[in-house]
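Read off the chains here:
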Amino acid sequence: MRNVGSMLSVEHHLALQQQLIREARLLDEESFDDWLALLNDDVRYRLPLAERRFRKDRSAPSELGSGYIFDDTKQRLRLRINRLQSGYLWAEDPRNCVRRVISNIEIWQADDNQAEVFSVVTIHRSRLDGFERQLTAGRRDRWQTTAAGWQLVLRDIQLDNAVVMDSNLNVFF
Amino acid sequence: MKTTQDFRQLLRADGGTQHRDIYWNEDIYAQELEQVFARSWLFLTHDSLIPKPGDFVTTFMGEDRVIVSRGRDGVVRAFLNSCNHRGNIVCRADSGNARSFTCHYHGWVYGLDGALADVPLEKEIYTEPLDRKQLGLKQVRVETYRGFIYGNFDTTAPSLVDYLGEMAWYFDTFMDVPGGSELLGPPIKVRIKANWKFFSENFIGDFYHAGWTHAAAIKIIGGALGLILGNQAVAPGIQFATTFGHGFNASSGTDEIFPHIHQGKVAELFNDWMRARIPVVRARLGPERAQLYNAIWDGTMFPNNSFLRGIDTWKVWQPRGPREIEVWTWTLVERDMPEELKRGIRHTNEKTFGAAGLLEGDDGENMEGNTQTSAGWVTRQQPLNTEMGMGREGFREGYPSKLSEPADNEAAHRNFLRMWETMMTAKDWDEIITRRRQDART
Numbered sequence: 001m002r003n004v005g006s007m008l009s010v011e012h013h014l015a016l017q018q019q020l021i022r023e024a025r026l027l028d029e030e031s032f033d034d035w036l037a038l039l040n041d042d043v044r045y046r047l048p049l050a051e052r053r054f055r056k057d058r059s060a061p062s063e064l065g066s067g068y069i070f071d072d073t074k075q076r077l078r079l080r081i082n083r084l085q086s087g088y089l090w091a092e093d094p095r096n097c098v099r100r101v102i103s104n105i106e107i108w109q110a111d112d113n114q115a116e117v118f119s120v121v122t123i124h125r126s127r128l129d130g131f132e133r134q135l136t137a138g139r140r141d142r143w144q145t146t147a148a149g150w151q152l153v154l155r156d157i158q159l160d161n162a163v164v165m166d167s168n169l170n171v172f173f
Numbered sequence: 001m002k003t004t005q006d007f008r009q010l011l012r013a014d015g016g017t018q019h020r021d022i023y024w025n026e027d028i029y030a031q032e033l034e035q036v037f038a039r040s041w042l043f044l045t046h047d048s049l050i051p052k053p054g055d056f057v058t059t060f061m062g063e064d065r066v067i068v069s070r071g072r073d074g075v076v077r078a079f080l081n082s083c084n085h086r087g088n089i090v091c092r093a094d095s096g097n098a099r100s101f102t103c104h105y106h107g108w109v110y111g112l113d114g115a116l117a118d119v120p121l122e123k124e125i126y127t128e129p130l131d132r133k134q135l136g137l138k139q140v141r142v143e144t145y146r147g148f149i150y151g152n153f154d155t156t157a158p159s160l161v162d163y164l165g166e167m168a169w170y171f172d173t174f175m176d177v178p179g180g181s182e183l184l185g186p187p188i189k190v191r192i193k194a195n196w197k198f199f200s201e202n203f204i205g206d207f208y209h210a211g212w213t214h215a216a217a218i219k220i221i222g223g224a225l226g227l228i229l230g231n232q233a234v235a236p237g238i239q240f241a242t243t244f245g246h247g248f249n250a251s252s253g254t255d256e257i258f259p260h261i262h263q264g265k266v267a268e269l270f271n272d273w274m275r276a277r278i279p280v281v282r283a284r285l286g287p288e289r290a291q292l293y294n295a296i297w298d299g300t301m302f303p304n305n306s307f308l309r310g311i312d313t314w315k316v317w318q319p320r321g322p323r324e325i326e327v328w329t330w331t332l333v334e335r336d337m338p339e340e341l342k343r344g345i346r347h348t349n350e351k352t353f354g355a356a357g358l359l360e361g362d363d364g365e366n367m368e369g370n371t372q373t374s375a376g377w378v379t380r381q382q383p384l385n386t387e388m389g390m391g392r393e394g395f396r397e398g399y400p401s402k403l404s405e406p407a408d409n410e411a412a413h414r415n416f417l418r419m420w421e422t423m424m425t426a427k428d429w430d431e432i433i434t435r436r437r438q439d440a441r442t
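Those protein sequences? They're chains A and B, same order as listed.
If you count the first sequence from 1, position 98 lands on 98 in the working numbering, and the numbers rise without skipping.
If you count the second sequence from 1, position 112 lands on 112 in the working numbering, and the numbers rise without skipping.
Derived by calculation from the structure, the hints in this document are not laboratory data.
All C-beta atoms in this analysis are idealised placements derived from N, C-alpha and C, irrespective of residue type, glycine included.
Take the hints with a grain of salt, since some may be wrong.
What the hints assert, rightly or not - For the chain B half of the interface with chain A, some residues (derived, Cβ under 7 angstroms), not all of them:
1. Val-76
2. Asp-94
3. Gly-96
4. Ile-192
5. Ala-216
6. Leu-358
7. Gly-364
8. Glu-365
As the list claims (entries may be wrong) - Here are the simulated BS3-like cross-link-like pairs (lysine-lysine), alpha carbons at most 27 angstroms apart as the crow flies:
9. B:Lys-133 / B:Lys-123
10. B:Lys-138 / B:Lys-427
11. B:Lys-193 / B:Lys-123
12. B:Lys-265 / B:Lys-219
13. B:Lys-138 / B:Lys-123
14. A:Lys-56 / B:Lys-52
15. B:Lys-193 / A:Lys-74
16. B:Lys-123 / B:Lys-52
17. B:Lys-265 / A:Lys-74
Let the hints inform the model, and build the full structure from the sequences given.
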């Protein structure tokens, strides 16, 4: 067992890196059921709301915290996928262009059989008339090794914009 | 300023048809900033979001940047967020707690009340002392209705309560209850490339779109909402339209808790809450408002503040030119709800009408489509239509404003547009009040 904070073995590192890139392709291809299979049953998938506050401001934002754009369990992600697959999602018919670029990958040993993974995702979207939108986010994941390969246990996403510059987020980060 | 005569080309007198220019044209938009946004009560924030002295948020009134802050004396004030030296933005944070606001160009300091508190080296470099009073940040008139804080640049406008008019009676349904209502923030902010009025209209009275636009979400969520899937059935409901352009739909209440989309534990807590509260509302406010309390609402306060009860979302459509908005979304809860229920309601709001909302995401495409088509000159000459439900409006015992049935209706759209036209052509608030009161009676 390697020390927490050290790198994984080359083999494990490559396998997990491959999984990240494959995950992006599955989403680009709308293979949502295959994507969901990469997620642990207890997965938490979160994108908290960002706010611009002064660096020195120590006042608490609010008693109930700031809220989320995504705060999902596997069941809620399934609901989102059901919507995408419902056949009634007009915004995604005809099919839109989407392509993810995964970059800045760091993989570190965490406790037990988990790895802590940092990465950046850039999602290129294009819809009617070639109208382009680009969303960039940083991700901090926990992946767990299982008999079926690496599974996502936790994803904390930080959107690189305090204002969402797209009229919908029918995409996963 | 365009006259009523000019506007007759743009809007039929009853509001039933419109020229697309009103959703596209730069000159009309510029006039809106001056005659609508600079003269109306615009939503700023809620007491619950700036509870302590020194708490502040920055926001917009039209395209004017403003700071809203609670002073050491506990009073909430709002003022322009632009330094009076050379115009720089003074405060670039969204919210927080501060003792003062400093412009980072030359270090001028403004107090929590917007007064000019300090000018570095003033004695040494200015030949005359500065007139501090003149150079304070321009004050916005601020009034609060049951914790909901609004601002108005026009000192001659009626009070907020008078501007609300009949809407105050309706809002009391959930604002004049023990503990009242409050908002959870910070707001989610999303940019959409469409004219602000399409959103105000959509919320004020467009129940008709829900079954079709939101078909995917309805299909997968199911339950009682399934009734309206694919617009196969008319849902029972009433549409209200008030003197100063505000309006909303309410689904008809029944004795059962209205169909809602909370799930699991949140649904249990919500049902418990409603069962306990409905009799309280009935005793305090009467049977009509008890029925409204137990209903789903979609509505808009003129010009650009919308809300949903049931989903419990509160929104402002911040205009960014005639073809873009930034929508700000908060969650609406009652102050005395248990914390777990508040969290649950916020979660449902985020899930449905947040930036990644299962329903919100459907609307953007429509509004952008509505707007973009006007790029074509020929298309722009084709009128748009809001004639649904014409001739069905009336008054009913027990309700203060005009109303009509069902909620699949455009009476509130027409009323909104008539208020808009009045503000765009009236020379002052006396004229606005006279014209609107006459309209409200007929």
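Now for the hints, and whether the structure bears them out:
1. Taking 7 angstroms as the C-beta cut-off, the interface hint given for Val-76 (chain B) is violated, the closest approach to chain A being about 17 angstroms.
2. Interface restraint check for Asp-94 (chain B): the shortest CB-CB distance to chain A comes to about 5 angstroms, inside 7 angstroms, so the restraint holds.
3. Hint status for Gly-96 (chain B) relative to chain A: holds, with the closest Cβ pair at about 4 angstroms, below 7 angstroms.
4. The criterion of a C-beta within 7 angstroms of any C-beta in chain A is met by Ile-192 (chain B), whose closest approach is roughly 4 angstroms, and the hint holds.
5. Checking Ala-216 (chain B) against chain A: minimum C-beta separation of about 4 angstroms stays under 7 angstroms; hint holds.
6. A hinted interface residue such as Leu-358 (chain B) counts as satisfied when its beta carbon comes closer than 7 angstroms to some beta carbon of chain A; here the least separation is about 6 angstroms, so the hint holds.
7. About 3 angstroms separates the beta-carbon of Gly-364 (chain B) from the nearest beta-carbon of chain A, less than 7 angstroms, and the hint is met.
8. A least Cβ separation of about 5 angstroms between Glu-365 (chain B) and chain A falls short of the 7 angstroms threshold, and the interface hint therefore holds.
9. For the hint linking Lys-133 (chain B) to Lys-123 (chain B), the alpha-carbon distance of about 17 angstroms falls within 27 angstroms, and the restraint holds.
10. Using a Cα cut-off of 27 angstroms, the hinted pair Lys-138 (chain B) and Lys-427 (chain B) holds, with the two alpha carbons roughly 23 angstroms apart.
11. Distance check on the hinted pair: Lys-193 (chain B) and Lys-123 (chain B) sit about 49 angstroms apart at the alpha-carbon level, beyond 27 angstroms; violated.
12. Annotation: proposed proximity of Lys-265 (chain B) to Lys-219 (chain B) holds, straight-line Cα distance about 22 angstroms (limit 27 angstroms).
13. Using a Cα cut-off of 27 angstroms, the hinted pair Lys-138 (chain B) and Lys-123 (chain B) holds, with the two alpha carbons roughly 24 angstroms apart.
14. Taking the CA atoms of Lys-56 (chain A) and Lys-52 (chain B), the gap is near 18 angstroms; set against the 27 angstroms cutoff, the hint holds.
15. Distance restraint check for Lys-193 (chain B) and Lys-74 (chain A): the Cα-Cα separation of roughly 32 angstroms exceeds the 27 angstroms cut-off, and the hinted pair is therefore not satisfied.
16. As the CA atoms of Lys-123 (chain B) and Lys-52 (chain B) are separated by approximately 35 angstroms, the hinted pair breaks the 27 angstroms bound.
17. Note on Lys-265 (chain B) and Lys-74 (chain A): the hinted pairing holds, with a Cα-Cα distance of about 17 angstroms set against a maximum of 27 angstroms.
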